[in-house]
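Oh and the sequence shown: position 281 is 285 in our numbering, straight run, nothing missing.
By construction, these hints were calculated from the structure, which means they are not laboratory data.
Incorrect hints may have been included.
Distance condition first, Cα-Cα at most 30 Å in a straight line; then the derived DSS-like pairs of lysine-lysine [stated by the list, open to error]: (1) Lys-87 with Lys-232; (2) Lys-237 with Lys-87; (3) Lys-103 with Lys-363; (4) Lys-306 with Lys-237; (5) Lys-363 with Lys-87; (6) Lys-103 with Lys-237; (7) Lys-306 with Lys-103; (8) Lys-303 with Lys-363; (9) Lys-232 with Lys-306.
Per label pair, the in silico range of CB-to-CB distance [as the list claims (entries may be wrong)]: (10) Lys-363 with Val-337: 37 to 47 Å; (11) Ala-248 with Val-110: 36 to 46 Å; (12) Met-102 with Thr-181: 22 to 32 Å; (13) Leu-344 with Lys-103: 25 to 35 Å; (14) Arg-180 with Ile-244: 22 to 32 Å; (15) Gln-26 with Asp-50: 39 to 49 Å.
Where is the CB? At the ideal position from N, CA and C, for every residue including glycine.
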Amino acid sequence: MRKPRRDKKAKEKGAGGEAAVQHIRQIDVLKGLAVIAVILIHTFSDNILAAIGGPFHIMQAVPVFILLAAFTSAYALVTYRKKTLAAVYDLSIIFRRMKRILGPYVVVWIAELVLILYVISKIPNFPFQYVNNFAYDGFGIVLNFFSGGQGPGSYFIPVILQQILLLPLLYYLAQRTSPERMLAVAFILDIALEYLTIAAGIPAWLYGLLYTRYLFAGALGIWLVFRKDSIPKWLYAGVITSIAYIVAVQYFNFQFPFIYPAWSFFHAFSYFWTVLIVIAGLQLLPSGSLTGILSALEKLGKASWHIFLTQMAFLFFAWPVLVQFTVSDASIVILPVLNLAACLSLGYGFYLLHITVSKTIGRLAQ
5 MRKPRRDKKA
15 KEKGAGGEAA
25 VQHIRQIDVL
35 KGLAVIAVIL
45 IHTFSDNILA
55 AIGGPFHIMQ
65 AVPVFILLAA
75 FTSAYALVTY
85 RKKTLAAVYD
95 LSIIFRRMKR
105 ILGPYVVVWI
115 AELVLILYVI
125 SKIPNFPFQY
135 VNNFAYDGFG
145 IVLNFFSGGQ
155 GPGSYFIPVI
165 LQQILLLPLL
175 YYLAQRTSPE
185 RMLAVAFILD
195 IALEYLTIAA
205 GIPAWLYGLL
215 YTRYLFAGAL
225 GIWLVFRKDS
235 IPKWLYAGVI
245 TSIAYIVAVQ
255 YFNFQFPFIY
265 PAWSFFHAFS
275 YFWTVLIVIA
285 GLQLLPSGSL
295 TGILSALEKL
305 GKASWHIFLT
315 QMAFLFFAWP
325 VLVQFTVSDA
335 SIVILPVLNL
345 AACLSLGYGF
355 YLLHITVSKT
365 IGRLAQ
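Can you make the complete structure from the sequences, with help from the hints?
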C-alpha cells in the first residue's frame, strides 16, 4: 500500500521557525465521520448499535480520534525533526496542543456551570442525563472541571490531555528502538496497567478518566507515521484477533479477568481493527480538492472538537425533551436526525465563532 498522500498546498505553521507540517485532508474527512459517529453512539440504544454492527464502525469513533490525534502529533514531531527526549517534550508544542483542547472546553464548561447553577437548578426534579460524579460546590467544581464537565463523552477531555503528555515518550521510544518494539512495549504496558487498575480497586468513575485503555491505540497512531508502504503480516493477524475479540465481547459477553469490565470493548485487542479503518481512509480517500459530501465532511472534521463539546452539552441539557421521542417506533429515525442537525450546526457555528474571536483578539493585540 502507498503512504497517505499529502496536500502540498495546505500547511500548518511550525513552531519556532521550524518546517511547516503538511496538511492531510483525509484526516479531516475521517474526523468528520468520527464526530458524526459519536453523536449517533449517544443517540442509539445499545441494542440498536449491536444490531447494525456498530462495534465495527460507529463505536470505533473514539479510538479513531485517539489514533488520529497520535498520528498528527507524531507526524509533526517528524517534520520538526525532534529526536532527543527534551526535544520531543518541547513545551511550546505541548502548550499549543493543550490550548487547542482547553480553549473551547473552558467556554463550554463555563456555559454548563452557569446554566446548571442559575437556570436548571431552579427546575424541580430536572431529569439529568450523563451526570458527572462531582457536585457544583466547593472543591467539587474543580474536580468537575478536570473530569470533563457534564454530558456524554465528557471523559474524553482528561483522556486526550493525558495523551498529549504521554505520546512524546512513546514517539521517543519508537525512534530510539523501532516502531514495532515501541508497539510491543505499549501493548504489554497496556495489559499490565489494566491488571493494576483492577488489583488496586480503582473505582469506575476514576477509571473512566484514565488514558490506560487507549494507550495501545495511541501507539498505533505513532506507528502509522513510520509505516512502510506495505501492511505487515502481523497486522492481518491482529485484525483477525480484533474481530474475534469484538464479537466475543459485544455479542457473547466475554470478559478477560484482567480487563476492567465497564470498558471491556475499548482495549488493546480491538485496536488492530481501528488502525485498519484509519489506513483504509488514508489510502482510499482523495487528498486533493474535495467537493460535495467529502468537502462537507472535511469541514466537519476541522470543527470536530467544537462539535464534540457541543454534543456533550446539548445532549446533557436537551435529554428531557429528546426522551419524549423515544416512546414511538419513529424515534429510530427522528432522534438521529434531530441530534445530528442540532449538534452539527451548533458545533460548526461554535467553531466559526471561535475562529472569528481569535482573529479579532489577534488583530487587537498587534
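> Which of the listed hints are not met by the structure?
Replying inline: 4, 5 and 6
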